[in-house]
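Protein chains in written order, with this note's numbering: chain A, 1 to 226; chain B, 1 to 283; chain C, 1 to 311.
Accuracy of the hints is not assured; some may be wrong.
[What the hints assert, rightly or not] With a straight-line cut-off of 25 Å between C-alpha atoms, the simulated DSS-like cross-links for lysine-lysine are: (1) K81/A x K12/B; (2) K284/C x K11/A; (3) K52/B x K77/C; (4) K11/A x K270/C; (5) K81/A x K92/B; (6) K18/C x K188/B; (7) K284/C x K48/A; (8) K178/B x K26/C.
[Claimed, not checked] What follows is a set of in silico ranges between Cβ atoms, one per label pair, in the way DEER data are often shown: (9) K269/B x L99/C: 50 to 58 Å; (10) V11/B x V84/A: 16 to 24 Å; (11) A99/A x K284/C: 16 to 24 Å.
[As the list claims (entries may be wrong)] A few chain A residues that face chain B, going by a derived Cβ cut-off under 8 Å, partial list only: (12) T79; (13) L95; (14) V101; (15) I161; (16) S179; (17) C183.
These are calculated hints, taken from the structure and not from any lab test. Beta carbons: idealized from backbone N, C-alpha and C, even for Gly.
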Amino acid sequence: MDKEKLKEIGKICIPGMRLSPADDEHISGPGTYDLQGYIYATLAGILKTERDETRKATVITVVSPRTPSVLPRTGDIVTAKVTVVNSRMVQCVILCVGASVLVRPYRGVLKKEDIKSTDKDRIDPYKCFRPGDVILARVLPMTEIHWYHLSTAENELGVVIATAEGSPQGVGMVPISWSEMQCPKTLVKEPRKVARVIPENINQNLFNVGKDKEKKSKEPAEDKSN
Amino acid sequence: MAEIYKLIHPVKYFNDYISRDIRPDGRKFHEQRNIKVNVNSLKTAEASAVVKCGNTTVVCGVQLELATPKAEEPELGFLVTNVELTPLCSSKYRPGPPSDNAQVQSYMLSDIFSNSKCIDLKDLCIVPDKLAWVVYCDIVCLDNDGSLVDACIIALMASLKTLSLPTVTYDPETEEIKVDPDVRTPLKVDGCPVATSFAVYKLTERNILLTDPSAYEEEMCGGLGAHFTVCLNKGLICGNHKFGGSHLLMENQEEVLKIAKERANLVVKVIDSCIKNEKSIDK
Amino acid sequence: MPLDYRRFNGPEDSVSYKRFTKDYLKSYSELYNNLIDEKGRRKDGRALEEARSMCMFFARTDMVSQAKGSAYIELKKTKAVCSVFDPREIPHQNEFSQLGQLFCEVKFAPFSCPNQRRTHAPDADEKALSVALRQALEPTVCRHLFPNYQIDVFVYILENDGSCLAAAINAAGLALANAAVPMYDIITACSVAVIGEKMFVDPTEAEEHLAMMTPEKEGTNHGIITMSMLSELKQVSDFTQIGSMDTDCVTKAIEILEKECENIVPNIQKVLVLNVVQCIEQRKQLEEEAKEREQALNAKMEEWKQLLNSG
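Extracted from the complex, chain A is given alone in its bound form (with noise of 0.2 Å):
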């Protein structure tokens, strides 16, 4: 093989592999565990060291070259389809987890109480969510073996997509208030506990409803020509 190639890839780790000792130094980091005095791999991929100024010391971790089988944790930001809606809560399947897509769903529960922060006694779930909508929600603590609980009781959580009722698939409503959204086809105007969604860069986000449409566009007309 190509000793160049290689190089450029960076060190390469298989599972159970010494990678340094375990000191005030050197912390063991995701894709890693430290056992009597040195840390191992436990993940075949590449070796990455960084420094933690607070702890004064270099983390070590292995980067997976696939997405690693992650669970949703505590505190986890997730992107959630909602499935079924009664008057107490919500249930939903858990789709993806930050930017890391999950290959089997898990099942995830909103209680009421939890969908918004403000007028906690009022809340209807029905004039909040339905399903088939897409949702942002943030994990509580895990109290039920199978049931993720769930929240979304702060202004960037809530529904980013749905599809008003009767409206065709793939025909998304656009928000236009803090609790409604319209379809910009049928123009139904249906309630919902809508998400603000922070853009990370705001200078691409002045243009980036017409830069998403031309995106979408685009990649299938770019695989063609491949």
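Use these hints to put chains B and C onto chain A, whose structure you have.
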């Protein structure tokens, strides 16, 4: 990024591609995936074949047994085909008894096979009413990425075409059976049925046919398994299955038949050349 | 046996034609003499203590496109496929468990055994192998990282020519690493068949068959030992012994197996490293394509901006 888009907006993602006359994996609507065939790679089976159509991988193994024929059909032997969808081939299958989908696939395969009449069960009879061959064909799916029946039929036919039966001598008085595995006669196979699957996708104004769909495409078109399967044996239709999906127009039908015919010729060529290669290596 | 309505069944009284061939029944000594030729070599040309590790060992990953991770292992004729899926809920579980679970299933293809067709229903053999596989794998997976969930490991044996358990463990270890399941160490396994004084390392089916038979002379050693090891940590994760033998024999077998397990490690390492390199190169290519696309888009946007500005 594309992965997330695909997951959250599945319909839109798929529509974006389809409306631009391309499929998510870069194929045209009627482009098929590569077919790879390998015969006799398993030594424990009498005959075997490994078939890969794109990612879909199936293995067929044939084993021979002897039994007395059924009383009502004393001149016929047995040929038993089963399709096994192992839990390892897709996250949708669980270990345990075969799922409904596996049973449907099994029945469909057996239907197509018996309709094509490519094996005369009389050839499998050794002594009428006394002794007959039982040919067990077990088709195992190792990787299910759509168009399973197509791959299964190719694997089955490739292995049956290489199968040869040992010589059996039967003494009618003492009922003693002797088998000589070194002297073998090849099994007579008449023609070669080939299945071609299509998925029917409903776009708002028209229906679109996707040839040789992948598992993802099958799912997007509404459910497990391909929607429409046409089987041809020597130019004759020996099976035509349509499950769910949306309706088909007459002109679609003609188009489908044309594609199926082309594919049938291609597949027969692939199998034959593979067997020829194998034989030349043996010599 | 009750009839299986979910499958097509052959006639009930069918028997393999091999029953009626000349060399179906053979005595113990005949079988024994068949295994080794005059020069003390085994049937496939190996020496007694030689494993099928060098040119007969073949392994690769990413066999199954639908699985998270998968591996295929070939020890000359023995062929095994393994796939690993993402963690999922444990069915029928009502207790909180701190450690994740492994669900292992080993299955033989109906046509995998040379003499008898295997039934579809799981038999005792498969169950025993599944349990042994689970026990071998449990110490190597970081199970505390996925409490209340289970990881499915499915092994399918396409062709059985001995050392099935060892092949299954090797394949499963590779598939787990391929699926990016956190593991403490690489796991390797090997087996040895003991017949009297002789030890057959990495036995074939015929050798295993004979080792399982009770010898004519009382008190002779016979049996099969399979051992799996975590190479870096020097831990034995599973030790399965079938048959009867004296302690000296067992200690000697352990020594041999330890060495053989070590010998397999470089093979597995090579496959894993190659796998990482491949993955990264693929990713790089995708990123480059994405970059090109991005550039095209930006150019388009500039154009638009100018159009907008000019009026």
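Going down the list of hints, with the structure as the test:
1. Note on K81/A and K12/B: the hinted pairing holds, with a Cα-Cα distance of about 15 Å set against a maximum of 25 Å.
2. A distance of roughly 16 Å separates the Cα atoms of K284/C and K11/A; the hinted pair therefore holds under the 25 Å criterion.
3. As the CA atoms of K52/B and K77/C are separated by approximately 20 Å, the hinted pair is consistent with the 25 Å bound.
4. In summary, the hint linking K11/A to K270/C is supported, as the alpha carbons are separated by about 14 Å, within the 25 Å threshold.
5. A hinted pair counts as satisfied when its Cα atoms are at most 25 Å apart, and K81/A with K92/B qualifies at roughly 20 Å.
6. Of the supplied pair hints, the one linking K18/C and K188/B holds, its CA atoms being roughly 22 Å apart against a limit of 25 Å.
7. Between K284/C and K48/A the alpha-carbon distance is near 17 Å, which keeps this suggested pair within the 25 Å criterion.
8. Among the hinted pairs, K178/B with K26/C is consistent with the structure: their alpha-carbon atoms are about 16 Å apart, no more than 25 Å.
9. A hinted range of 50 to 58 Å for the beta carbons of K269/B and L99/C is consistent with their spacing of about 54 Å.
10. Judged by the Cβ atoms, the range 16 to 24 Å given for V11/B and V84/A holds: they are separated by roughly 21 Å.
11. Between A99/A and K284/C the beta carbons are some 19 Å apart, a value that agrees with the proposed interval 16 to 24 Å.
12. For T79/A, the interface hint holds, since its Cβ comes within 8 Å of a Cβ in chain B; the closest pair sits about 6 Å apart.
13. At about 5 Å, the closest approach between the beta carbon of L95/A and any beta carbon in chain B falls short of 8 Å, and the interface hint on this residue holds.
14. With a cut of 8 Å, the hint placing V101/A at the interface with chain B holds, because the nearest CB-to-CB distance is about 5 Å.
15. Checking I161/A against chain B by beta carbon gives a least distance of about 7 Å; that is within 8 Å, so the hint holds.
16. Interface hint status for S179/A: violated, as the beta-carbon distance to the closest one in chain B is roughly 22 Å, over 8 Å.
17. With a cut of 8 Å, the hint placing C183/A at the interface with chain B is violated, because the nearest CB-to-CB distance is about 15 Å.
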